[in-house]
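> Sequence:
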Amino acid sequence: MTQQTKLQFSVNQKILMSVILLSALTGVVINMMRHRGIDGSALLYVGIPTIIALVFATTSSAKSAVGSTLKAITFVILISGPLLQEGFICMLMAAPIFYVVGALAAWPFDHYRKKKAREEDASKLNVAVLPVLFLIMSMEGVTDMTTFNRYNVVERSEIIGRSVSDIKQTLASKRKVPSPDALFGKLFPRPDWVNAQGLSVGDKHWVDISYFKWVYWNEKRGSTYFEVTEHTPGSVEFKPYSDDGYMRSYLDWGKSTVFFEPVAHHRTKVTWRIEFTRKLDPIWYVQPLQRYSVGILAETLINTLR
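Per the numbering used here, the very first residue in the sequence shown carries number 162; after that it's consecutive.
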């Protein structure tokens with residue numbers, strides 16, 4: 162008689178196969194979220210790593226639930242990125258929250274197992290506290306009731322050794338945008354040129370933006386278009402009217418205002434105020450990053466006026 166050989170898989174092989182299936186399911190879920198317009202919600206950035214943690218913490222035979230969860234999240238990020246045609250920038254932005262949420266959601270399972278191994282009292286109810294909390298948090302942005310205010314205002318000020326009239330003359334002309342000094346600002350789509358028709362009400366300004374979808378290659382280009390809506394001796398106001406730049410995936414631009422305050426002979430305090438509405442959740446993770454990056458942008462735009 163012919164003996165049938167039973168396939169044997171190691172723990173790592175089982176994890177790999179599970180991750181591949183989970184990545185495929187993640188892609189399907191994200192596409193469904195896109196169709197419903199909630200792909201920027203916390204359901205993606207908090208809900209998915211929590212579910213990954215629950216799956217691997219309750220089914221994996223690995224010694225560490227946290228370890229198997231972090232391995233799974235790493236594979237999901239690496240596999241789902243190319244499959245979903247998401248830029249590596251998005252993966253860099255999402256990776257920290259994926260790892261933190263996944264590890265915290267899986268940790269109670271390890272703690273419970275250690276207490277049981279020491280024959281100490283261990284409550285299964287305590288294991289569910291963090292995962293349930295994260296699942297509740299993942300509802301942010303899914304409905305109006307679970308969405309926090311997304312409107313933001315950021316401004317930066319610098320003293321420039323030029324008169325107001327000289328600065329306005331530069332503001333009304335085409336100018337090259339210098340690369341930001343901060344490394345964080347280099348990771349995101351960057352303005353290359355500011356094109357300007359003038360500073361009269363109705364004049365058009367547009368910012369040419371470029372970025373590399375895969376950090377160092379696959380360059381993409383777009384522009385954000387503004388119109389001068391108010392011009393006073395001490396300020397110029399711009400409002401956006403069109404945007405095909407990549408930043409629209411993260412936020413919607415609002416009004417931008419440049420203020421001029423003479424402080425001495427040929428010295429002017431320039432303040433650049435930018436209003437925007439974030440499109441991603443959760444607020445506690447995304448908003449500080451966006452406010453920081455928009456602040457870098459405001460400083461960079463001021464430097465074009467020197």
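Derived by calculation from the structure, the hints in this document are not laboratory data. Note that the structure is predicted; figures quoted are calculated from it, not measured. Any given hint could turn out to be false.
With a cut-off of at most 30 Å between alpha-carbon atoms, the simulated BS3-like pairs for lysine-lysine come out as follows [what the hints assert, rightly or not]:
hint, residue 1, residue 2
1, 381, 430
2, 416, 400
3, 275, 335
4, 329, 275
5, 224, 329
6, 440, 416
7, 365, 440
8, 400, 337
For each label pair, taking beta carbons as the anchor points, the in silico distance ranges come out as [to be verified]:
hint, residue 1, residue 2, range
9, 186, 339, 41 to 47 Å
10, 308, 253, 35 to 41 Å
11, 427, 381, 37 to 43 Å
12, 297, 382, 36 to 42 Å
13, 413, 304, 17 to 23 Å
14, 363, 304, 35 to 41 Å
15, 467, 306, 43 to 49 Å
16, 189, 253, 20 to 26 Å
17, 365, 450, 29 to 35 Å
We put the CB at the ideal spot given by N, CA and C, even for glycine.
> Against each hint, give a clear statement of whether it holds in the structure.
Now for the hints, and whether the structure bears them out:
no.: 1; hint: 381 to 430; verdict: 35 Å, violated
no.: 2; hint: 416 to 400; verdict: 5 Å, holds
no.: 3; hint: 275 to 335; verdict: 65 Å, violated
no.: 4; hint: 329 to 275; verdict: 67 Å, violated
no.: 5; hint: 224 to 329; verdict: 65 Å, violated
no.: 6; hint: 440 to 416; verdict: 16 Å, holds
no.: 7; hint: 365 to 440; verdict: 26 Å, holds
no.: 8; hint: 400 to 337; verdict: 21 Å, holds
no.: 9; hint: 186 to 339: 41 to 47 Å; verdict: 44 Å, holds
no.: 10; hint: 308 to 253: 35 to 41 Å; verdict: 25 Å, violated
no.: 11; hint: 427 to 381: 37 to 43 Å; verdict: 41 Å, holds
no.: 12; hint: 297 to 382: 36 to 42 Å; verdict: 41 Å, holds
no.: 13; hint: 413 to 304: 17 to 23 Å; verdict: 19 Å, holds
no.: 14; hint: 363 to 304: 35 to 41 Å; verdict: 40 Å, holds
no.: 15; hint: 467 to 306: 43 to 49 Å; verdict: 47 Å, holds
no.: 16; hint: 189 to 253: 20 to 26 Å; verdict: 23 Å, holds
no.: 17; hint: 365 to 450: 29 to 35 Å; verdict: 30 Å, holds
When the structure is compared with the earlier hints, violations turn up for hints 1, 3, 4, 5 and 10 and for no others.
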